[in-house]
Amino acid sequence: MRLGVLFSGGKDSTLALQYAVEKEEVVCLITIASKNMESFMYHTPNIDVTSLQAEALGLPQITKTTEGEKEKELLDLKNAISQAKKEYAIEGVVTGAIESVYQAERVQRICYELGLWCFNPLWKHDQKTLLEELLKKQFKVIISGIFAYPLDEKWLGKQIDAKLIDRLVGLQQKYGISPSGEGGEIETTVLDAPQFKRQIEILESKIEARGNSGIFNIKRARLVSK
Amino acid sequence: MILIVDLNWKKDSLGSCEFLLPIAAVVEKLDNYIVKHYLDLTDKDLSGCVKIILSGTALKDIATLSQPEKFRWLKETQKPILGICAGMETIGMVFGAHLVKCLEIGMTPITTLKENILVSGDFKAYSLHSYCVESLEDFEVWAQSAKCVQIIKHRTKPVFGVLFHPEVRNQELIKRFIEC
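In order, the protein sequences belong to chains F and E.
Numbering-wise (the numbering used here), the first sequence opens with residue 1 and increments by one.
Numbering-wise (the numbering used here), the second sequence opens with residue 1001 and increments by one.
A hint or two may mislead.
[As the list claims (entries may be wrong)] Heads up, simulated BS3-like pairs for lysine-lysine below, C-alpha to C-alpha not over 25 Å straight-line:
no.	chain 1	residue 1	chain 2	residue 2
1	E	Lys1029	F	Lys128
2	E	Lys1051	E	Lys1070
3	E	Lys1124	F	Lys70
4	E	Lys1011	F	Lys137
5	F	Lys174	E	Lys1029
6	F	Lys128	E	Lys1175
7	F	Lys226	F	Lys136
I should point out that these hints are in silico values taken from the structure, not numbers from a laboratory.
Given the sequences, and given the hints that come with them, work out the whole structure.
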């Protein structure tokens, strides 16, 4: 089955892509760049890096920019998926949704209207297990956004490793933070993954943070050998 | 031992990750389980379990509905069965109900119609289906949404069907089925 992956460049959509290539044929990436930093639907930091990730994956990418207004952004997503159907003959769409019924039902509805299959291979999986799977599969993932107490700028740019997973799980127990950031508490950027033919090297970055909210902004990056 | 039957269109599919593993995650806290794809089921699988759960499938996946001959065992076994979404539709097909187009996606208000062992009162559930079952002569209707029947129970057999996805927002229902 020919599939397009809704791709934000974060750990969840990249892991979903990994599941998809292991079982079906992934033919393109579909990326929505939202101007709304508080979008409920889309990951926002470092969305520009997705073009480099697409190159590393050797996959074509359809990118649409949306103002991020609540329901209008769904129309932008529908247009992007529709374009993928026309240009790459996709039969279905893959998302990295884990817990969000809000996101899942909206993408399901769009796929139904367009006559496409919709798959959420990470759906309802244990979040700690998913984080550990990233390590097992040798993903290189950094924290690129923090948006909840008690996270602060010290988390930004940190690579996800076993110790960091333990800290995230500890925060879940104490503060109810979703360890995978499914509630928008953290955002991530993938620098390397099994399907990447080359990995991303960050050349210049800037931390922009205030209190418990901030981003690790990748200003310049390039692909280098693995 | 609980037998979880994968109703997705093929074995080890992307649909299995989404519709089968979350059920297994609920079951494993309560009992041992095995997973078998419906095309690979054997008599030994059916005789070796105490209860059976039929998984849901992707919205576009209606493969089981064109293969009634693969599900004759649903009528023959005496083991308790819980069919979830496509599982309920498959039960309906085998027991002679009519399948009718009916789309529900997302959180859906459900009303319980009579006291039962699986649910109570009014609640919300996650729906993801494009068909529902009607003309259920052999079944009692235990719950419904504004659009269609949501929970059924065979009048004489321990065969249950749930159209919404309890593994997403109403996991207690699966626990009650296993413990009943």
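Structure-based check of all given hints:
{"no.": "1", "hint": "Lys1029/E - Lys128/F", "result": "17 Å, holds"}
{"no.": "2", "hint": "Lys1051/E - Lys1070/E", "result": "19 Å, holds"}
{"no.": "3", "hint": "Lys1124/E - Lys70/F", "result": "23 Å, holds"}
{"no.": "4", "hint": "Lys1011/E - Lys137/F", "result": "23 Å, holds"}
{"no.": "5", "hint": "Lys174/F - Lys1029/E", "result": "23 Å, holds"}
{"no.": "6", "hint": "Lys128/F - Lys1175/E", "result": "23 Å, holds"}
{"no.": "7", "hint": "Lys226/F - Lys136/F", "result": "17 Å, holds"}
The earlier numbered hints are all upheld by this structure, with none contradicted.
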